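S.K.: Sequence:
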Amino acid sequence: MKTLVVITGPTAVGKTNLCLAFAQHLGIPIINADSRQIYKELKIGTAAPTLEQQAIVKHYFVGNISIHDYYNVSMYEQEVLELLEHELFPNHHIALMTGGSMMYIDVVCHGIDNIPTVNAETRKTMKRRYEEEGIDRLCDELKVLDPAYYAVVDRKNHKRVIHALEICHMTGKPYTSFRTEQKKQRPFRIVKIGLNREREELYHRIDQRVDQMMKDGLLDEVRGLYNERHQNALNTVGYKELFEYIDNRCSLDEAVERIKYHTHRYARKQLTWFKRDTTVRWFHPDEEENILNYISQYEH
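The sequence shown begins at 238 in our numbering and counts up by one.
Simulated from the structure, these hints should not be mistaken for lab results.
Bear in mind the structure is a predicted one, so any value in this text is a computation, not a measurement.
Please note: incorrect hints may appear among the correct ones.
Claimed, not checked - EDC-like, lysine to aspartate or glutamate: derived pairs with alpha carbons at most 20 Å apart: (1) Lys396 to Asp373; (2) Lys239 to Glu316; (3) Lys477 to Glu465; (4) Lys506 to Glu458; (5) Lys420 to Glu358; (6) Lys393 to Glu358; (7) Lys512 to Asp343; (8) Lys410 to Glu322; (9) Lys497 to Glu458; (10) Lys429 to Asp514; (11) Lys429 to Glu368; (12) Lys280 to Asp453; (13) Lys497 to Glu536; (14) Lys477 to Glu435.
Said to hold, decoys possible - FRET-style restraints, in silico, Cβ to Cβ: (15) Ile302 to Gln261: 36 to 44 Å; (16) Met238 to Gly264: 17 to 25 Å; (17) Thr516 to Ala357: 32 to 40 Å; (18) Gln534 to Pro384: 43 to 51 Å; (19) Pro384 to His467: 28 to 36 Å; (20) Arg436 to Met238: 49 to 57 Å; (21) Gly454 to Gln291: 17 to 25 Å; (22) Ala388 to His499: 39 to 47 Å; (23) Glu369 to His521: 32 to 40 Å; (24) Thr354 to Arg518: 33 to 41 Å; (25) Asp514 to Lys393: 21 to 29 Å; (26) Gln291 to Arg392: 35 to 43 Å.
Glycine included, C-beta positions come from ideal geometry on N, C-alpha and C.
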């Protein structure tokens, strides 16, 4: 039976090097499941696989779109499933996907509700209304158009509020009418492997990686994107804190410390999400031989 191996875990835990080794051993490419590494402009701040690493193992969904392109999780689902069906599974028994973006992994494994794609005109209108009217006015409107979603949504998360209103206005139906939350069956086996470390060790690795990003030129990368800072893709840890520094709202040292703190918090959020999934088999990243033996069960 064809098998998709998913290797996930918190940021900086050590997924990249481990998956490179496994991909080489198995003779297969890597499907990236990081929602920010897909953007070609965001190299250093997302710890995207380097050109050297991509030369060793072929990667899909790394630097394949621009921050100016419209892209969503439904599009990712469709493209990954087509890649598996038409290119990877015809040639290999096993496919390898890795990353830490929770929704990207879930959508490939379980599917997503068939919510209509928002057209450009509606997106533009709602963005303008948010800028002119503010989140409170939009929340009041959502309460009228979809009281069920209003009751459960994080009303401080403007992206979720705006998206729900976009669907309401575009379809004339409540956003919740499209949210069935039914898991889809996939025509392949899914094996999930989680990587984790002791929290102190993980935080130390995060801090080291942030320091290395700064040495590698993250500030210059962010400066080059300053005029594009309104793009949703740049609402990302590492970029938004350095935008604050460029705007003289904090010192550089303060910005770097905020990046580390916010990355620690994101790692905790990732672990909380992944540990709800009882099908994940957890390992320490140093257990390379044990992980490979575990994967080898599904090679045929």
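S.K.: Note whether the CB distance of Met238 and Gly264 lies within 17 to 25 Å or breaks it.
M.R.: Once the Cβ atoms are compared, 19 Å apart, the range 17 to 25 Å for Gly264 and Met238 holds.
S.K.: Does Lys429 pair with Asp514 here, judged by a C-alpha cut-off of 20 Å?
M.R.: Holds, because 9 Å separates the two Cα atoms, which is no more than 20 Å.
S.K.: Is it true that the CA of Lys393 sits at most 20 Å from the CA of Glu358?
M.R.: With a Cα-Cα distance of about 24 Å, the restraint between Lys393 and Glu358 is violated, given a limit of 20 Å.
S.K.: Holds or violated: are the alpha carbons of Lys239 and Glu316 at most 20 Å from each other?
M.R.: holds (18 Å)
S.K.: Assess, step by step, whether the Cα of Lys396 is no farther than 20 Å from the Cα of Asp373, and give holds or violated.
M.R.: Given that 20 Å is the threshold and the Cα spacing comes to 13 Å, the pair holds.
S.K.: Lys410 and Glu322 were given as a pair; does the straight-line alpha-carbon distance stay at or below 20 Å?
M.R.: Roughly 34 Å between the alpha carbons, so the hint for Lys410 and Glu322 is violated.
S.K.: Could you grab the alpha-carbon distance between Lys497 and Glu536 and see if it respects the 20 Å cut-off?
M.R.: violated (39 Å)
S.K.: At the C-beta level, are Ile302 and Gln261 separated by a distance inside 36 to 44 Å?
M.R.: violated (26 Å)
S.K.: Is 28 to 36 Å right for how far apart the beta carbons of Pro384 and His467 are?
M.R.: holds (31 Å)
S.K.: Can the restraint linking Lys280 and Asp453 be considered satisfied, given a maximum Cα separation of 20 Å?
M.R.: Given pair Lys280, Asp453 holds - Cα atoms ~10 Å apart, limit 20 Å.
S.K.: Hint check: Lys477 vs Glu435, CA-CA at most 20 Å. Holds or violated?
M.R.: violated (28 Å)
S.K.: Could you check the hint for me, namely that Gly454 and Gln291 are 17 to 25 Å apart, CB to CB?
M.R.: holds (19 Å)
Of the hints listed earlier, those the structure fails to meet are numbers 4, 5, 6, 8, 11, 13, 14, 15, 20, 22 and 23, in rising order.
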